[in-house]
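There are 2 protein chains.
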Amino acid sequence: MIKIREVLLKKIAKIECADVEDIREGVRSGLIAVPENMKRKIARPFAVGKGMTTKINANFGLSPGYSSIDREMKKMDAAVAAGADALMDLSTGPLLGKMRKKILSSCPVPLGTVPAYELASVGKKKFISMKEDDFVSVIRKQAEEGVDFFTIHCGITQEIVYKLSEGSRTMNIVSRGGALLASWMLANRRENPFFSRFDDILDIAKKYNVVLSLGDSLRPGSISDATDHFQIRELLVLGDLQQKAVARGVQVIIEGPGHVPLDQIEANMTLQKSLCHGAPFYVLGPLVTDAAPGYDHIVGAIGGALAAWHGADFLCYVTPAEHLRLPDIEDVRQGVVASKIAAHAADIAKNIPSAIRRDREISKARAKRDWKKQFKLSLDPDIPAKIRKGSRPREEDVCTMCSEYCSIKIMEECLKSS
Amino acid sequence: MIKIREVLLKKIAKIECADVEDIREGVRSGLIAVPENMKRKIARPFAVGKGMTTKINANFGLSPGYSSIDREMKKMDAAVAAGADALMDLSTGPLLGKMRKKILSSCPVPLGTVPAYELASVGKKKFISMKEDDFVSVIRKQAEEGVDFFTIHCGITQEIVYKLSEGSRTMNIVSRGGALLASWMLANRRENPFFSRFDDILDIAKKYNVVLSLGDSLRPGSISDATDHFQIRELLVLGDLQQKAVARGVQVIIEGPGHVPLDQIEANMTLQKSLCHGAPFYVLGPLVTDAAPGYDHIVGAIGGALAAWHGADFLCYVTPAEHLRLPDIEDVRQGVVASKIAAHAADIAKNIPSAIRRDREISKARAKRDWKKQFKLSLDPDIPAKIRKGSRPREEDVCTMCSEYCSIKIMEECLKSS
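One line per chain: the protein sequences are A and B, in this order. Its first residue numbered 1, the first sequence is counted upward by one per residue in this note's numbering. Its first residue numbered 1, the second sequence is counted upward by one per residue in this note's numbering.
Isolated chain A (complex conformation) (with noise of 0.2 Å):
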């Protein structure tokens, strides 16, 4: 039985509008995941899965030499005031630890991390002479800190890792955590301590009531990678993963995609609700090109918009920096608006009445060209005022776009003359 605060779940029942029963039921069942440690007290909880809204995961975290713990922070802060529902610590270094403990004391929403990168922050040579038990104190560690959900990169098997090195990839592995745990595979001969230990790890994520978000170290990091037998492959190890954990009442959410062309998107999603039993999915982008660097906020809003439509229930977001450096806080910010305008825009797609609900509000104060009313109901409510006021009509209730010939106003005055 999977405990979950009961004010918790009403309260998530209300955002959602749905019925508590059916919650707890879905979370029984491995179709829905609310995190939350034991140790934590979530201000903004969520709950990701079937018949929820689209929910997105911002990224952050140290990357040493290159930022400082005061400025991961306000990137929380910026994630969090754009809307982010969850947050992930990526830190690496040796101020990771310490980073961490500020988070989770001040954390308003579920903060997930990947513990792999604080074994491998000691530098990437010792990290190969870490001992399988190892990888199960650092999850124990953080579990009892409160961490509310771990990436566990349990997939990626020794078998998949040799068939790797014959190299038909265009870029074999961009996962960070799953070349991390390729890496400690070869040197050492040995199967990846989070797949063959993952027993051990489910006794301590269900002691604190850690989610586990099952890794996906082969996603593809190339279009011409997309949905190949490493991808499917480790999804298939994920589903039977899945499958164990909710037999001993451990919530699960499975991770996807990468580089995923647009005509490839469904299909993915039809498979991992296959495979993985229904779990919730989260996905990286999808990104829909390779080649706009600069611009993969956009691209994985295109691939996040599809995705979510078709089955993925949370998103991953990526930043203008993607593929180019650590992001600052405005790429952060960017990041964050693009996927919710995805996860928005599905949600739409998906019929969520709240969603509908807003289009329809903001249409309507559109039509009466009640400019406040449309900022207020905006994904991003400080920016369209912002662009408008760049260019200030001389008629209050038009823009400079048209000005006179504003077809709005046009039509409702020959409408009423005639």
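Calculated from the structure, these hints are not laboratory results.
Just so you know, same-sequence chains aren't split out, so a pair can sit in one copy or run between any two.
With a cut-off of at most 25 Å between alpha-carbon atoms, the simulated PhoX-like pairs for lysine-lysine come out as follows: (1) 14 - 373; (2) 131 - 206; (3) 386 - 74; (4) 416 - 163; (5) 389 - 74; (6) 39 - 98; (7) 125 - 409; (8) 124 - 101; (9) 409 - 126; (10) 364 - 386; (11) 416 - 125.
Since we're looking at a predicted model, the values are computed, not measured.
For this one, chain A is given, so just place chain B on it according to the hints.
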């Protein structure tokens, strides 16, 4: 017989890796359009339609009192530099004629206009008193000057306007030209001159080889109006007029969408291709939500990618200023890039070899961390270089996101040593 310069066709065939005869046959049967007024020699020509890459258009033009000819010429340059395939001058007001002449003498890509705007530029009241002949004369005048394609709002009939005035739509008409025509019809109680005098318009278009872009006055301006009977009623009229044009040897494209939710985009494309006999489809957006003013370039990129994948041939850009103000130069640039991303993503999904090749090449450069080559192959080459410079890594072959933990580098190293 539609006359297109042989040298133009050869140039286009080379760019598209297509056969000259196939393009010629496509033009003859109305499936492809090649805009170039007989009076012009276009430096960067294109073919739009069946089997061709997806094209994009950028709008610009004077809004009286809010811009200048110089400023609009700079927007033209910015749009062309960013990769717009076509431009539309949507100027209104007294300087519109002067502006058009200036553009026509220097615009390297096909130029479109909305002739009704010239008629309306004398003022909304005077516009109402225009005679039917005036609607034909302005088309003749602009065709003689060399305009390459016209938006003609010929599908909005009296019957539709009367039905519209019963008032079931959230946003009745959001097309400037459509609203003008409707106001004329309601005031004069006469049929739309662009509809009743369509044969005369065909004569002019044929004489100068102007492509007619049959405008969609009833495009939905709100998600709640999408794919409604007004929109489809007009599309049926446009389909009939398209057949007339093809029979007369006049090139035609059809205009469509506006605000359409994700789950209705494919149906809209299928419907247009069926009702308009495979004519090239030119769509605005589509915008998949009403609720993101300030980010409508992203909203339009989501819809545009999906639309182009499912059959749209020509995407009209949307800028971040949409619904808010006349776009500035940076808005224009952002709008063009977002549309190009959508077009390119669709071309990948449509299996266009040049699009697929580009992504494979940039991914190979990415795998080698060859930054210069990555930037060169990017859809907007300057921006990624600038972003990367904003946070310089100590080691040249990684970026500051993962630094020493770069997955690509880890894999390269561990596969080498294993």
